[in-house]
Amino acid sequence: MDKSYLELVQVQKKNKIEGLYPTTKLWILLFFVIWIFILSTIKFTSIQLPLLNLVWIPVLLFMFYISGDFVKCIKACRVILTIAAIIFLAQAFIIPGDREVFRLAFLKVSDSGLKKGFELSTMVLSIAGAFVWVFQTTDNKEIGQALEESGVNYTVSYIFVSTLNMINVLSKNSQTIMNAQRARGVETQGNMIVRAKAFVPSFIPLVLSAITGAEERVLTLESRGFAVKCQKTRVLKLQKSGLEKPAMIVCVIITVLLIAGRVVLWM
Amino acid sequence: MDVIMECKNVNYQYPLTDTKQIENLNLTIERGKVYGVVGENGSGKTTLCAVLRGFAPSFYKGELTGEVLYDGKPLAEYGDEIATKIGFVFQNPFTQISGVKDTVFEEIAYGLENFGVPVEEIEQRVINVMKMTNVESLALKNPFLISGGQMQRVALASVIVLEPDVMIIDEPTSQLDPDGTESVFEIIKAMKEKKKTIILVEHKIDLIAEYADEVIVMKDAKVIACGPTKEILAKTELMQQGVNVPQAAILGQKLKEKGLDIEYIPVTEQDAVKVFENAGKAGK
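So the sequences go chain by chain: A and B.
Residues are numbered in our numbering as their position in the first sequence, beginning at 1, plus a constant of 14.
Residues are numbered in our numbering as their position in the second sequence, beginning at 1, plus a constant of 21.
Isolated chain B (complex conformation) (with noise of 0.2 Å):
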């Protein structure tokens, strides 16, 4: 098991609060896989990502006890040389511009200067970033200027030009129309296929089953359930717990109660589709 990130006993409570947001964590990330982190409003995901990306406590301060380690060193230790390490995208498309660019191209390149990073070298990985992340038409345009799926389009590919291993992303679908939405997450798959590592907060639970590896799922500050995908969400007992579970593992949960004998309870619509066509071939 090759781990990028590891928690262990981690504590971590806002200021001015009675409350944990973070309870006795201890969460393994592997090097190269999806990590979905569902869970109901208040469940402590966004807190999640802020104690991962080291936000909490340097930006949020308040109390952390346990250690966050990023190939097995502490957080604390890298300074400000995580941006390239770890990189973090939220919900809100329109506070991720830095303000102080007039074209997309420099937007993107802004965190490339602010690492010093040589003006030729930042144009080649502006360029191909662009293109990854299919923002290349509005190059020239004023990043305010844009949509919300473009503007955050523009927000991944300026923290994905920094090459970090891991990137966290925060509901980088809440605000944003159906295409909006899909354009995303080709994004995502695209850095999947790049073998980084991704942990994503995402609602709609559909596009979890699709992409994740594995599922983390949270509750009143703790993580309830953690594992492979197909696994978690198969459990359509998680319901109870205020999280949605895909519509295929609802239907195949519903049939196996009706008496069709299914292998396995499918959480996405491709296998949903192939658990029922064995069924029927199989006159179950």
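With the rest of the complex left out, here is chain A (with noise of 0.2 Å):
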């Protein structure tokens, strides 16, 4: 063996943006929330529409591809595409408004459910893309530890990994609980109510197991020395990629930008 343990668990990052720092990327996370706030204020066309908000897609997009995560990060995005769809014919078809824009059949979008539609759903994808660039390009563990070095509780860190963690695990152990009950001849697959119907025998299971499991787990965690209280090692040993200060710098001046240029627009 060429590496040592040492090195083979460390987190191998294809180029310098996947491999910015962790903290660095939910700063850069943050800003992109704010700079989707401020352009969603600058409305279009008569029905006042913040047309803005679709360019964040094509930035996402880039950034997804700079990252050398492209394909991971869009497969990761197509829940978020459903749910954004849903939201916004949900909103569009719902909400009543003046004026009647489009008509199929019985259904009627009006323009306020228009306008509220494609808010939300434009700021919901663009919002959660962002999300899914950092947890596509960051390791949950890395995120947990960048949190521990910036002075976080490591208790909070544990919290954090762990319950980011588990919902795999926990969707793996609600399939095997399904096939049980499957076996027992309760019916999971079909239209909505029988699904629903499903849902309480899967779902008790699932709970109950996951909380007499944490009682075990507390005590694995004692057993390992989880509440000592010492400088705590750790084999994981985060790397700057050398763009985070640059990075930082983009994102500040971006933000200035954007303010001044929202500022000036009011006046």
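One thing to keep in mind: the hints can contain errors.
PhoX-like cross-link-like pairs, simulated, lysine-lysine; straight-line CA separation at most 25 Å [to be verified]:
1. K94/B with K243/A
2. K162/B with K86/A
3. K29/B with K217/B
FYI, nobody ran anything at the bench for these hints, they're computed from the structure.
Assembly of the complex is requested from the two constituent chains, each provided in isolation within its own frame, with the hints serving as guidance.
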């Protein structure tokens, strides 16, 4: 073996963007959300659509691409796209308004509905897309360790990382429970009502097993010195890619320009 | 007698319960021996483990009277340091994965990280333990994506790496297949060779007969018998107390009742072969 285990367990990065320090990525995420909110206040067309919300989609695609995780991020975005589409349709068809913009049989889209639907769905898409970028280019354990290194209590960082990791585990467990319930004759596939009925017998064992498992996990952590008060060491070494400072400067400049631009437009 | 742990008149009761789960416990644990704890379900085996590790009452709360001593000092005096003195392995391998590590190597290293051990030392100690527990081939795998038997070996490795003198192992094979069980007992054997003190709760009585030096029998929160394995497990009347005895002992007892003159009641397969061979040679 050429590399030692200490080298092998480090997180390998494809490039300097993907390798940005996790807290820098979280800062970029925060700036990104601020930019989205600033630009969403600028409205166009007669029904006041925040069309600039669409600007963030190519920006995000560019960020996915330069991080070297385009396919991975796009795959993760598929669910968000579905959610955004549902939000758009629900808002557009449900919210009543003064003017009818479009009609499909008995369904009608009003100006207010279209505005609200567009605003909400594009914002969800952009903000969730930014989260996807952070979490697809950063390992959970990197985020946890970066939080610890920035002074966050290790218990908080443990809760953060284990919660993220447990999502996959619980979804696997829920599948096992679903299969078990199916074997006992519980209908789990079919229309919404059938699925809703299957929810209770599947959800309760999942939650109960998670609760009972939590007690043993606490004792396991106790057995491994989790609560020991001392300077803890970490096998994982977080490296800075070198682009952290320039990235932050660019973010600050963009923020200042956007705020200034918005103020000028107000005046 | 080199005593490492001692319980003096220990009584323990979980909160919000009316009955004691440990009653009048007086126990002496000798350094370097393997103790098998047996008894029917609900007899207090797991509670005994929790008391010996200090989880009861520190974690479970409840009321504990009497003294639990490690190297002559009460457990409470050790504080968090007790984790390096007494290791604990549970029956469910899944809940023993920390949930914050991506690789088996990091999972095993986690305890050492928590104690602030230098990284270079961590690497060496983890490698040694991975070899001992036969998990080196899994070093870079996700601990959640390995089999139950492998997970239990990782859980054992994660505790062994802290080099505790005493290991409390509560039904480590209850959720494992025969291969997984065998691999766990290989580790217990290796620990025994290293003169570690092991307190092992296990229902597979034939394995207890093979590996344990002493057996502690529990019933209704009390220790009803304690002593050398060959002596205790040869008593087939224990079956009336809800305790299994080894197949070899049952066979020996039945043959003895039929008139076969054997030196003693065997408790392991090897013993049985020897005893019946001798009886055969003597034409008894």
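| Keeping to a limit of 25 Å between CA atoms, is the pair of K162/B and K86/A held or broken? | With Cα atoms ~21 Å apart, K162/B and K86/A stay inside 25 Å; holds.
| field | Pair hint outcome, K94/B versus K243/A [Cα-Cα no greater than 25 Å] | value | Cα-Cα ~21 Å, so holds.
| task | Quickly compare the C-alpha distance for K29/B and K217/B to 25 Å and report which way the hint goes. | result | Holds, because 22 Å separates the two Cα atoms, which is no more than 25 Å.
Of the numbered hints given earlier, the model fails none.
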